[in-house]
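Now for the letters of each chain:
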Amino acid sequence: MPQYAFHIDTSACSGCKACQAACRDKNNVGFDVKWRRVYEIEGGNWEQKDGVFTSLPFSYFISLSCNNCGNPVCVKACPTTAMHIGRNGITVIDSKLCIGCKYCEWACPYSAPQYDPTRKSMTKCDLCEDYVITGKKPACVDACPVRALDFGTYSEMSEKYGTENELHPLPDPVSYDPGMIIKPHRDAARAKNENAVVADKKEI
Amino acid sequence: MNAVTEKTRGNSFSRRLFVKLSALTGALLLRKGKKSDDTASVLSGYLASGEEKIIRTGCPAHNCGGRCLLKVHVRDGIITRIETDDRPGDDVSDPRLRACIRGRSYRARQYHPDRLKYPLKRTGKRGEGKFERISWDEAYDIMHREISRVIRQYGNSALFIPYGTGSYTNLNGRWPAVRLLNLLGGSLGYYNSYSWACTNIATPYVYGTLNTGNQRQDWLNSRYIILWGWNPAEMIDGTNSAWFIKKAREKGAKTVCIDPRMSMSAVALADEWIPIRPGTDAAMMSAMAWVIISEKLTDDDFIRRCCSGYDSTQMPKGCENEESYKDYILGTRDGIPKTPQWAEKITAVPAATITRIAREYATLKPAVLYQGYGMQRRAYGEQVVRAGAALSAITGNIGIPGGWASGLASQAGGEPFWTTFPMGDNPVKARIPVFLWTEAIIRGKEMGAAEGVRGADRLDNNIKLIWSVASNILVNQHSNINRTIKIIGDEKLVEFIAVQDNFLTPSAKYADLVLPACTQFETWGVEDGWKYGEEVFLTPQIVDPPYETKSDYRICADLAKRFGVWDEFTAGGKDEKAWAEWIINEYYRKTRFPEMPKFKELLESNAGVYVRPVSEPVVALAAFRKDPGKHPLSTPTGKIELFSKPLFDMKQPGEIPAVPKYITEWESPFGSEAEKYPLQAIGHHYMPRVHSTHDNNEMTMNAFPQKVYINETDAGKRNIRNGDMVRVWNDRGALVAKCKVTSKILPGVIDIPQGAWYNPGEDGTDFGGNINILTTERWTPLAKGNPQHTIMVQVEKYRKG
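Chains as they are written, first to last, in our numbering: chain A, 1 to 204; chain B, 205 to 1005.
So here's chain B without its partners, still in its complex pose:
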């Protein structure tokens, strides 16, 4: 038996305390609009008796964009205060890893009265949200029975563990479940993500790699930084990214933020905000290229040595007469020069501004063009990624200190692993694009290469069983909720759904079986940086799992016993702590961080983190730039491919052109759909949440309530006033939420921060403010990715009934 579990069971004290705390924090934090009890004084009075321990640990890892250090105060087995990194120094090479509002508000999530406490079995109709408490024994029986049945009846490829990042350490989250199913014959796999599907696929077509990012300290060597749709102040994108930009500005860099919203980053990190119409970034980029080419601001030597497909002199074999990048920009073939005047009508950015930004970017070198991910979660997200990379290439801002190659920009010189827990090999080789899981439910057997299936010609099953771990994809985070709930609500399609989480999320309401997982403060884990950074965090178990909650690993280990694979699953009896030790000693110390302290030393030091300072930041593609012959890229030509023959060979020039192009989106202000639905809606990553995690955290949501952000001119036309409830709708669905009338968003655009919990009324209208009631399940052409920001809607003042 595992020490963690033993201790919990023997500890009724913890449970009693949790009841009390939940009641207290509930009163303090959760009753909107009511007078709160003075939890604080009660709480501190109650807790004052115990001895205080301070434990340094990684902030509970969701997919928040950062990885930060917490100093957690514990008394009597209760977390009483959460401070952050206070290591001495705090310089650029090794800055403090300071947590944001989400980490600092974690107590309200940890001691939330709605935490799942026991396993639950569905009693009503699927999706109705009616459950009864059952024992773990019964829960394991059901899991064992259903998984065995589906394997017997359909085969392992009918099992599916969806994408989810509600718990995202190296050990916790969906990984242990994947390991277990792999031991049982596997499950249907997926590739790609909801975060950056398009850039993940498109970047290697240009560079042959995803590692196009310098270590971030290098931004301090830049003279000009474009934050293109990039909002690190709110989305984080690596702890301290915003602070590094601030430091670069202090050193004299000029910064420009191009975004439909005056984001927090536009306010705090940029010298200038340039609002742009969503989905038209590739048009502005093309016009910038027109200026740079026309005014001879290109880095011709770099283009000649390092690029392919720029003009007719460097077209790949077999494509000599095709349209080059320069042809497209100058309009040689299509008769449309991509001038700033052309782009002005599309982007709503004045031609003079486009011209100026192009000149500044091409002359204030070295320069960074940093692409945010929101603009690639769109209909033709692949194009904007390649168009941005092309600007970096033609100006030669690649492979030099202070430059930036654009694209996905994973960190050069070694990047964080995200997960290291060994999941084993999946005997089922077929993998679907992550966004197409609902397709695999309704017509999996019809899916093949055209739907992006990899590892097999076709799927041999439809998905019949879903085991969702730390994921709210099933309902909340996937496109077109009204369609999704129809699919997963049909018991003939998916025959069994298990959801394992901390709360009864909108997805969990569609489960047949709910398994209560503990939080990351209640088990062991290891974390490393989010995309960037040179850190490894040890997250020890700080408090006991309350009630009957268990770690994701423990649940899977118990299940492994039922299946008779406990020895294999636990690798001879490892518990969570032993795996954390294995990850540090046997993984990190044998790969990225041979010099880091061993597990025992790190644990005993109570440092919480090991950091390798960065004094000489690695520059991506530097060796290639120096000698492209000796260090070729792994593209077909070995060079930066402005023209891609593999894309050309796909023969879909309208949607997958060989050179990056601006393509009018399938829903846009320029189509006939705009007559009925004249406003563009986007759903940015919101400060109080990590996707849908923390939506029920009153401490974060009190600071940033869910709202529909609408420009004052659009509001005025509709007689909408600040604070009104508004109804937003299109053909797919409708939502109602409070609005904020603001000047900080481009007219014609509304923002519905993504991640709010779906809360349907009787007619299906969502009162939670979830943007996915409006989004489409249609996928992007190349990456088969999620286009969740490409939406047209109408808005009106909400009137009840």
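Just chain A, same shape as in the assembly:
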């Protein structure tokens, strides 16, 4: 089974959250969970000299859902096998088996699995499996007004976009093998050097 992957063009993402809205609408998820999250990265300082500003801040956005990792630590962390790689190669949750222990949430470095207090179960992005098996792309991808998201098998995506999967402040991908290819924003290197932070973390 091929691994699926998202391409995330952070050089073009404006943080408009059309992807998140499309996800909510399609998957009927309430506000306790965000299957697709849009992180705002902010850094840099203002330096004033003689009334003008010489140094400037910077910012970019990262739109992230489940990266369908090749090495899914969520699956390993799950004590009941609820979290498993399904028959389409997509990591999914069997809600009948899920006891809501949140081990997967703690394990995942991307915050993909999230506990839904209403369903009393862990939930997460399933890559719109029902769409994907019919050849459609996930709702979020087909929502992007600037076409900054794409989706396909990892080999399709890497052929089109390369294999870059590192971006500050995302975790080192080596241990997870995420299905995620990134086009870095122009300020990505600066963000790393200056240790830029996620703005309004609590709201994500």
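For the record, the hints were derived by calculation from the structure and aren't laboratory data. You can take every hint at face value.
Example chain B residues on the side facing chain A (calculated, C-beta under 8 Å, incomplete):
| id | residue |
| --- | --- |
| 1 | 446 |
| 2 | 479 |
| 3 | 552 |
| 4 | 553 |
| 5 | 903 |
| 6 | 917 |
In this text, a Cβ means the ideal position worked out from N, Cα and C, and glycines have one as well.
With the hints as your guide, set chain B onto chain A.
Here is chain B on its own, set in the frame of chain A:
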């Protein structure tokens, strides 16, 4: 009777379902901070039984800046999912019209438990928000009685239907109400808008036309694009504008965003962000002109052939000795050369940066200088429009592929119509500038040419009756709320107010009568592009109007019956669908789109939209550039007027100069007012709302809560921390809202995204975060437009009591 209405009345099922859905979506979407029920599974479980239909339609049209295609899933008469354009292809000539967060979140608005359901009559004091349910019969009786009385007592010019874009298709919104009143003898008219009053008036003084924009595909021919105060990623400004900029960058164009805020566009569409002090754009533009002129980077041939008033050699007759554009820039007369060093102190942009941008713009040709509209909703908004156009002119970036003339930039080669519904002629000829309606309430009879009245020397009435359709102007969106509510709260001034809308908005709370309108998913309509584009959307009725709601057209048609003009109003019995058919067959097919499919064909195809692909984008002013003698502009000289004699003749050089100038604003960091109110406040167009529409949509507002954005240095001085509640105030009023401390805004500037619903506490402090509690009713000198971004304020950490 109309089929739509018949069907609704016969359908109690729809109503039952709506109750259930409202409860469900309410639980899901509206209870902030509480655990939500699992509406989703309940909803999908409940709905799974029905057969699914997918209908392609235009996104409900507000004044959002875009027009997009939706694929609406319907089961059992309920909208269950909203997808967007998935037509094959998606190339530059005919890109997918993908909806933003507002369109994708529409179910939460559609099934909002607070939807108006019945006609309401005021019971408390005006503005108190107390109402009782009445029947449509009684509502129509009241409307008929009040309109008849005011016409009898004062005359038709005492009636007024305000500006409003809460429903903005070719058929829905205020248009049917205007048509009805026109049949009854008319009502006081207005001109201009709250969006772009200054550029709408100033652009023709330069170009003799508003159609100074190329079709947007032409941006891909540009080498350099300045997004000046322009934020298409958030404000949209034509569906796909942001994507076209992205494509232009992929082709190698360099992009620069000049804005007080690091906007979404500055982050995602620009190679560089240059923060600038609000209200000083014309100073930077003038300094760029100084560099371009001093370094001989001007396009002299273009200036000689196509411009007037550039220098002393081309001054219009009778003005030979007046100050030319070049005189102003070089400081020949006023002794102030508009150098980058001069501008640096005003704009807070380093002189070296101004110089560099000027050189880049003048040499990396063809280049686009795109002006956003925010910077012209300011004290002297007219100047910035003309100053930008002057830069395009002196560099010769006009009338060529990849260039851009600046100014309002309506699309050349045919632009969208916005509305085509025939409103008929208004027998009342007097029109006021749209922003001056409160003046027309308190002293209409004193208003004449000095206040911009057109069509009559003076008004013969004060406004006595307001019928507000799909508009939140009455309270929320007009300047200086504390003043406005005093005026409209006085029953001796405006004697009757009717508000027709989907929700009990802050404006509707001031109504004497509230009429519940349905949404655009619940009636027929036609839409075309927002400013740009080559599309026509058919928006069929997808679900039934819930409860006793009716379409704007139906309400007016029912009223027309009371007035005995039903036949004329309905043009022999047309319902909403018949008008949609008329608009497509008799209007679009006979004007812009003769080749488009007929109504029936378009409807049956379920395409939702007709698009004419653009493979060779039209370039504005190309014929003029080629041969200005043969294709003169309709300015007095037939040329691009850097010096305007009509403006010179107004003899108000301090505020309406003949050449574009930077003028210090009446409230600014440079005046004594800054001692008390040291911060500039601006109110940008916010992603989760369309003006005030969607402010109660929890799905959009959860993603982008209302906040006051403040720079970390300004916050630090005030011991304000991220997430604190802050109080913002000036002499006109005060608001309280959560703040976001950020580095993404220029120090000295705060941003209060406009459109939040006014929610006053006992002492009048607004807890909704509405910027208009702080804005001024003073109008701009030439356009008589709204200066709602010119505000000085103070901020402190909010302490209860």
